[in-house]
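*Asks:* Spelled out, the chains give:
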Amino acid sequence: GAVVSQHPSRVICKSGTSVKIECRSLDFQATTMFWYRQFPKQSLMLMATSNEGSKATYEQGVEKDKFLINHASLTLSTLTVTSAHPEDSSFYICSAHRRQGGTNEKLFFGSGTQLSVL
Amino acid sequence: GIQVEQSPPDLILQEGANSTLRCNFSDSVNNLQWFHQNPWGQLINLFYIPSGTKQNGRLSATTVATERYSLLYISSSQTTDSGVYFCAVRSGGSYIPTFGRGTSLIVHP
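Protein sequence lines correspond, in order, to chains A and B. The opening residue of the first sequence carries number 30 in the numbering used here; numbering runs sequentially from there. The opening residue of the second sequence carries number 5 in the numbering used here; numbering runs sequentially from there.
Worth double-checking, as some hints may not be accurate.
[As the list claims (entries may be wrong)] Computed beta-carbon distance windows for the label pairs: (1) B:97 with A:55: 26 to 32 angstroms; (2) B:43 with A:41: 16 to 22 angstroms; (3) B:69 with A:32: 25 to 31 angstroms; (4) B:71 with A:84: 27 to 33 angstroms.
[To be verified] Just some of the chain A residues that point at chain B, by a computed CB distance under 8 angstroms: (5) 72; (6) 78; (7) 80; (8) 136; (9) 140; (10) 141; (11) 143; (12) 145.
If you're looking for bench data, these hints aren't it; they were derived computationally from the structure. Model, not experiment: these values are computed from the prediction. Glycine is no exception: its CB is placed at the ideal position from the N, C-alpha and C atoms.
The whole structure should be built from the sequences, with the hints applied where relevant.
*Replies:* This is how it looks when you write it as structure tokens:
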């Protein structure tokens, strides 16, 4: 099956630093990637949709300047949490959209990144 | 937008028991997937099933699109089945998925 690699799996940082999370589709081209945030015991909250070669589309309430998304190639999207604060601590997950033709489109997820800001 | 409801929210089973998880959605869908999030947070795709029935080992799923629901069956549950099961749907021309709130499953040995 398709593989989406997400790194790092866990990061602990000091308040005020920036953290970059990478999401790579290893064996397929992903024209669209999604970034989610998940709080403990809750569902996934879509933060933004990342399209290769264009600006990301952010969901309402998500700060564009806080969560910078870059999708420079068909296999890589990055999420940078700038000037992280304790309230940014969360589990971040990416997913990639693989088009298989017609309306047969599956989502594949990275393994997630647990961010802890001290 | 489309609403997705999953039930039950929590489920506790003894190893070997069978269970049925349900996903109701408020509008017609052209994509539906079931995922398992393991205790380490990783989401694993279980089924891509916008309609019909599929089986994979002890797991099977059925989607009745006309009645706007999908069921995930787990037979002879094992402790490794523990985690949260999510249903995600897409409708109309949108490629953005909508997730349910999940069913948290604990399987005791």
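*Asks:* Give a verdict on every hint.
*Replies:* Going down the list of hints, with the structure as the test:
no., hint, in the structure
1, B:97 with A:55: 26 to 32 angstroms, "holds (28 angstroms)"
2, B:43 with A:41: 16 to 22 angstroms, "holds (20 angstroms)"
3, B:69 with A:32: 25 to 31 angstroms, "holds (29 angstroms)"
4, B:71 with A:84: 27 to 33 angstroms, "violated (40 angstroms)"
5, 72, "holds (5 angstroms)"
6, 78, "holds (6 angstroms)"
7, 80, "violated (10 angstroms)"
8, 136, "holds (6 angstroms)"
9, 140, "holds (4 angstroms)"
10, 141, "holds (4 angstroms)"
11, 143, "holds (7 angstroms)"
12, 145, "violated (13 angstroms)"
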